[in-house]
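Peer 1: Numbering (my numbering), first residue to last: 35 to 462.
If you're looking for bench data, these hints aren't it; they were derived computationally from the structure. Misleading hints may appear alongside valid ones.
Said to hold, decoys possible - Okay, derived cross-link-like pairs now, DSS-like style, lysine-lysine, Cα gap no bigger than 27 Å in a straight line:
no., residue 1, residue 2
1, 337, 317
2, 237, 317
3, 200, 82
What the hints assert, rightly or not - For each label pair, taking beta carbons as the anchor points, the in silico distance ranges come out as:
no., residue 1, residue 2, range
4, 162, 272, 31 to 37 Å
5, 394, 241, 48 to 54 Å
6, 102, 70, 25 to 31 Å
7, 168, 47, 35 to 41 Å
8, 168, 271, 33 to 39 Å
9, 281, 98, 43 to 49 Å
Even glycine gets a Cβ: it sits at the ideal position worked out from N, Cα and C.
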Amino acid sequence: MESGMISVDRWTAGSQAYFLTHLHADHTAGLSGAWRHGPLFCSRLTAKLIPCKFPGFDLSLLRIVDIGSWHSLSLTSPSSGSRVDFAFKAIDAQHCPGSVMYLFRGESGCTLHTGDFRWETSSLSTENGRAVLLDALKDQTLDTLYLDNTYCNPDYSFPPREVAAKQIVEIITSHPNDDIVIPIYSLGKEDLLLYISQALNMKIWVWPERLQIMHLLGFHENFTTQTSLTRVRAIPHYSFSSDTLKELNEFHGPTIGIMPSGMPWSVAWKDGNMSGGSASHVKKKECSRNTGSLGRNLESATKYYEVPYSTHSCYSEIQEFIELLRPVNIKGIVSSRSCYIDPRYYFGHLCGPEQALWRVQQKLDYEEGLRRAEVADIKPVTEYVTPVAGRKRKNDHIEFFGIRISRVSLLRRLSRGVRITESESLPE
DNA sequence: GCGATCAGGT
DNA sequence: CACACCTGATCGC
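All chains should be modelled from the sequences, with the hints used to inform the complete structure.
Peer 2: Now the structure itself:
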């Protein structure tokens, strides 16, 4: 990529093919209804959402990438003018609706771009993704892994989403008479809301634009814009703060805030907080801040929970992902504001040419084992032998050790400053 | 008046 | 903390 041929989640002119992993704003900086720099490859669901996110977008530019099958692409080398053939495949990224990773196979080797992704160890989708990736890579090394390194730090530890979803349902049922507000963004966490809706057999309120998204995603029964139908509301993230929660409590009655987020969940927070169960990650806060003016409503100490429901992989999941793939090289894709952790700071020992070959060798050994097992008429092991530790490799002079500040300014510049104008049109 | 970018907020 | 946004100011046209 970056050779003037393929761009992933980058929208400046000069590429021959543009790939979109998912429709969050930090991956669409530069996209707009007027964008027309070239063909845009994305998942079917993402394509469905594009007109809503970018009104006026020229839909003839869209190239739908069906998940799981190989697609081919023929481009022209900008330097030599000769033809360059690629094959690529989309894999479910489990981050938000429509989100995918892209695996590219070309003359210059294999590249995997994860976009944002969640790699929950025991989920069926991950199991499928694992098989698809290993099968797609075959005996080749993965040359470059562009990695969602949002939580690429051992301090970040949180449970699978299902666990967090159950915690949230518990919180809601333990406050049977209170209103509940759950801050969400314009796309993502639908599975959480659906889970709550089904577990409690109630509809969930969303704002009108969000209902339109829900309908596009195929959810017709579980969401409503009628306040009177439910006590559980998913509200725009930007409209939520301790002040708004306090106001809700003062003017609308008892309201609990539940923040589903992966962010503050480092191991340092795990124990010794004021939440009931010490094993639980749930953080409960009493927001009794009283910033003047209305004052003295002592009764309105509002309840606010933070629950580790994350759409990004935690550290151990990233580790497992890298141990599976053993890439030659890893590059982080996060465009964070204040710091950039090079994935090789923690995972340098899992990449490099030797490690990549190690993976291939593992696969060959595994297949050889299967063959022998068949001959010996022994039941083959159905599970993959997951590579353990294996930190033999000495890092011979990888220069990117430690925290890199200089890259940040570059990444920031690439990802800043989108304004998504919400569709004017009404639902239906 | 418009889109693109930036500053600053949740 | 820093997710994935938001609003509002400013720049260039």
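Peer 1: Evaluate each hint against the coordinates.
Peer 2: We went through each hint and held it up to the structure:
no. : hint                  : verdict
1   : 337 x 317             : holds, 11 Å
2   : 237 x 317             : holds, 26 Å
3   : 200 x 82              : violated, 30 Å
4   : 162 x 272: 31 to 37 Å : holds, 35 Å
5   : 394 x 241: 48 to 54 Å : holds, 50 Å
6   : 102 x 70: 25 to 31 Å  : holds, 29 Å
7   : 168 x 47: 35 to 41 Å  : holds, 36 Å
8   : 168 x 271: 33 to 39 Å : holds, 37 Å
9   : 281 x 98: 43 to 49 Å  : holds, 44 Å
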